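2 protein chains.
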Amino acid sequence: MHDLRKPYLVFLGDVSLRSDAKTGFGLRDWCPGDVMGECALPTATVSLALPTMTPTEAASRGAGSIVIGVAPPGGRLPESWIPTLAEALRAGLDVVSGMHTRLQRYPLLVDAAKQGGARLIDVRHSDREWPIGTGLKRAGRRLLTVGTDCALGKKYTALAITRALTTLGAKATFRATGQTGILISGQGVPIDAVVADFVAGAAEALSPANEADHWDVVEGQGALFHPAYAGVTLGLLHGTQPDAIVLCHDPSRHTIEDHPHIPLPPLDEAIRRYLEAGRLTNPAIRCVGVAINSSTLSEAEWVRYRDQLYSQLRLPVCDPMRGGVGAIAQALLA
Amino acid sequence: MHDLRKPYLVFLGDVSLRSDAKTGFGLRDWCPGDVMGECALPTATVSLALPTMTPTEAASRGAGSIVIGVAPPGGRLPESWIPTLAEALRAGLDVVSGMHTRLQRYPLLVDAAKQGGARLIDVRHSDREWPIGTGLKRAGRRLLTVGTDCALGKKYTALAITRALTTLGAKATFRATGQTGILISGQGVPIDAVVADFVAGAAEALSPANEADHWDVVEGQGALFHPAYAGVTLGLLHGTQPDAIVLCHDPSRHTIEDHPHIPLPPLDEAIRRYLEAGRLTNPAIRCVGVAINSSTLSEAEWVRYRDQLYSQLRLPVCDPMRGGVGAIAQALLA
Numbered sequence: 001m002h003d004l005r006k007p008y009l010v011f012l013g014d015v016s017l018r019s020d021a022k023t024g025f026g027l028r029d030w031c032p033g034d035v036m037g038e039c040a041l042p043t044a045t046v047s048l049a050l051p052t053m054t055p056t057e058a059a060s061r062g063a064g065s066i067v068i069g070v071a072p073p074g075g076r077l078p079e080s081w082i083p084t085l086a087e088a089l090r091a092g093l094d095v096v097s098g099m100h101t102r103l104q105r106y107p108l109l110v111d112a113a114k115q116g117g118a119r120l121i122d123v124r125h126s127d128r129e130w131p132i133g134t135g136l137k138r139a140g141r142r143l144l145t146v147g148t149d150c151a152l153g154k155k156y157t158a159l160a161i162t163r164a165l166t167t168l169g170a171k172a173t174f175r176a177t178g179q180t181g182i183l184i185s186g187q188g189v190p191i192d193a194v195v196a197d198f199v200a201g202a203a204e205a206l207s208p209a210n211e212a213d214h215w216d217v218v219e220g221q222g223a224l225f226h227p228a229y230a231g232v233t234l235g236l237l238h239g240t241q242p243d244a245i246v247l248c249h250d251p252s253r254h255t256i257e258d259h260p261h262i263p264l265p266p267l268d269e270a271i272r273r274y275l276e277a278g279r280l281t282n283p284a285i286r287c288v289g290v291a292i293n294s295s296t297l298s299e300a301e302w303v304r305y306r307d308q309l310y311s312q313l314r315l316p317v318c319d320p321m322r323g324g325v326g327a328i329a330q331a332l333l334a
Numbered sequence: 001m002h003d004l005r006k007p008y009l010v011f012l013g014d015v016s017l018r019s020d021a022k023t024g025f026g027l028r029d030w031c032p033g034d035v036m037g038e039c040a041l042p043t044a045t046v047s048l049a050l051p052t053m054t055p056t057e058a059a060s061r062g063a064g065s066i067v068i069g070v071a072p073p074g075g076r077l078p079e080s081w082i083p084t085l086a087e088a089l090r091a092g093l094d095v096v097s098g099m100h101t102r103l104q105r106y107p108l109l110v111d112a113a114k115q116g117g118a119r120l121i122d123v124r125h126s127d128r129e130w131p132i133g134t135g136l137k138r139a140g141r142r143l144l145t146v147g148t149d150c151a152l153g154k155k156y157t158a159l160a161i162t163r164a165l166t167t168l169g170a171k172a173t174f175r176a177t178g179q180t181g182i183l184i185s186g187q188g189v190p191i192d193a194v195v196a197d198f199v200a201g202a203a204e205a206l207s208p209a210n211e212a213d214h215w216d217v218v219e220g221q222g223a224l225f226h227p228a229y230a231g232v233t234l235g236l237l238h239g240t241q242p243d244a245i246v247l248c249h250d251p252s253r254h255t256i257e258d259h260p261h262i263p264l265p266p267l268d269e270a271i272r273r274y275l276e277a278g279r280l281t282n283p284a285i286r287c288v289g290v291a292i293n294s295s296t297l298s299e300a301e302w303v304r305y306r307d308q309l310y311s312q313l314r315l316p317v318c319d320p321m322r323g324g325v326g327a328i329a330q331a332l333l334a
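Chains as they are written, first to last, in my numbering: chain A, 1 to 334; chain B, 1 to 334.
Just so you know, the hints here were simulated from the structure itself, not pulled from any lab data. Incorrect hints may have been included.
A pair holds if it fits inside one copy or across any two, identical chains being indistinguishable in the list.
[What the hints assert, rightly or not] Pairs of lysine to aspartate or glutamate residues, derived as DMTMM-like cross-links and limited to a Cα-Cα distance of at most 25 angstroms, are as follows:
no.	residue 1	residue 2
1	K171	D29
2	K137	E257
3	K171	D258
4	K114	E276
5	K137	D34
6	K137	D258
Note that the structure is predicted; figures quoted are calculated from it, not measured.
All chains, full assembly: derive it from the sequences and hints.
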């Protein structure tokens, strides 16, 4: 892993969809002490509600890095973002990116980094060789968060369950599989950047054998129902060999984000499909709860939705941001 | 793609499982005019029944490359293979490898290549950037071969169906997804070497929009039921958006190769699972036949097995090596 310089200034580009800024929100909520402020282009319509400052201002106040806190589809840096990042580099801030495209590909950034004595850091790339998946059972217990779609709370849920388990006195470790999780926890595997053949093997390495009563809480990626990323999801599921899954869902979504021709499955069907696939490497896999991103629902709507879903599924239904995931953690340890 | 120098000498290392030598068998059977002979270590127990010769002999007879015709689990070059490959390089043969590990990682080979003025060529690596999968329908028709396991005939079946369609007067193109297929056809995408996030997008690019009555016959990879490779299989399935699948199976196998703790699914269940997953990007997907690798069955056993399977599935049941796949090609065009 890279040695990141904190605190961070979070850069939001020209973001107009909250779900595209999940990296920024994740940093704000999970390591607030490491985030000094935010910075965006004038066309951006999403804010983290942190102090806004230019890269130069942040550098003068002691920031160490500007972190790209927004994930554009395709993972390529828009032309319009370059000047702000170049300003940051010239002011001495490292640029930290979780995008597929390496920062070294942008000559203007390479030049600016030299001028400012700063670094270009791609947390999504590991360049490490991973083993092939074995499918063999290993000691310790594992929970994987899975979803009906991308970007609807799988990382938040995993972080919240890790905290809830620790609060209940259990041994638990958050295992990061994406750039934000890695930024928060300081370690992990950027699973969707691993060469396809090695995804399950990398997932096995991410949650190695451990004490029998220790829980690895693994951040899920993608969705089995996503036309671009389902393969990543399946490899992570098979390599994690979870004893337990938690299904994450956003009730305001009815189709896969950015793919309006692909409907989301009903939740019971989604659970059935994840368990069917997961049984390959852990026949004892079970679903221990549903985590809902209810941010679009009023309190009354949420209570009604939650109770209806509980009646249908007979599983704990939680929103990590609204009441927490204590019920899921308790069900897990019961 | 690389510019490969033919004819080939096929190197078999110390192979003891026929299925590990699928690259060698594929070259022998599908481009025999390009294969001069074979070469192996004394401990090898599998032969392609081609003329045996040393690399030096092959070079003196005009060979252009020594091709590694065997795929060890994990894709790493055993120490004991190095001297033969170094001899080939010093004799002026290019070494062509389909393994994950790059030939440049072996200093002895790098030195020998310099001495012989020969090249180290990794056909599995592409280093090209691929787009993210879109899931959008495109013109033309596609068939994907899928399997109950790895290494049981998906490439052979795709090549045979391409030939059978062409013989019937249909427009058809074989689309290679693995090193052997790429060696045979001279083009393709080494799909399991693509970064996981881009597998579906690379599969879309491999079988682009085409004439409405043109068939791309895509070589499948892995299996949905394989603990290490299922993610690759799913991404390829989603990106290919096949109108038709053909399930490939070897009746002598009852567990995943090298994973004796993981049983193969029944064939009707395997078909159901592939169709269920494939409907995400092509709701009209159907299974048009089953291709059996019946090499372990006597003629009487094969006839009985084939007829029983037909009664159960009501689909054409063929062995590409035993009677051909004409029935599947006809069903496809019917």
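Evaluated hints:
1. K171 <-> D29: Within one copy, since 22 angstroms is at most 25 angstroms while 56 angstroms is not.
2. K137 <-> E257: between (35 angstroms within a copy, 17 angstroms between copies)
3. K171 <-> D258: neither (38 angstroms within a copy, 34 angstroms between copies)
4. K114 <-> E276: neither (52 angstroms within a copy, 52 angstroms between copies)
5. K137 <-> D34: Answer is neither; intra-copy 37 angstroms and inter-copy 45 angstroms both fail.
6. K137 <-> D258: between (37 angstroms within a copy, 15 angstroms between copies)
In summary, the structure is inconsistent with hints 3, 4 and 5 from the numbered list given earlier, while agreeing with the others.
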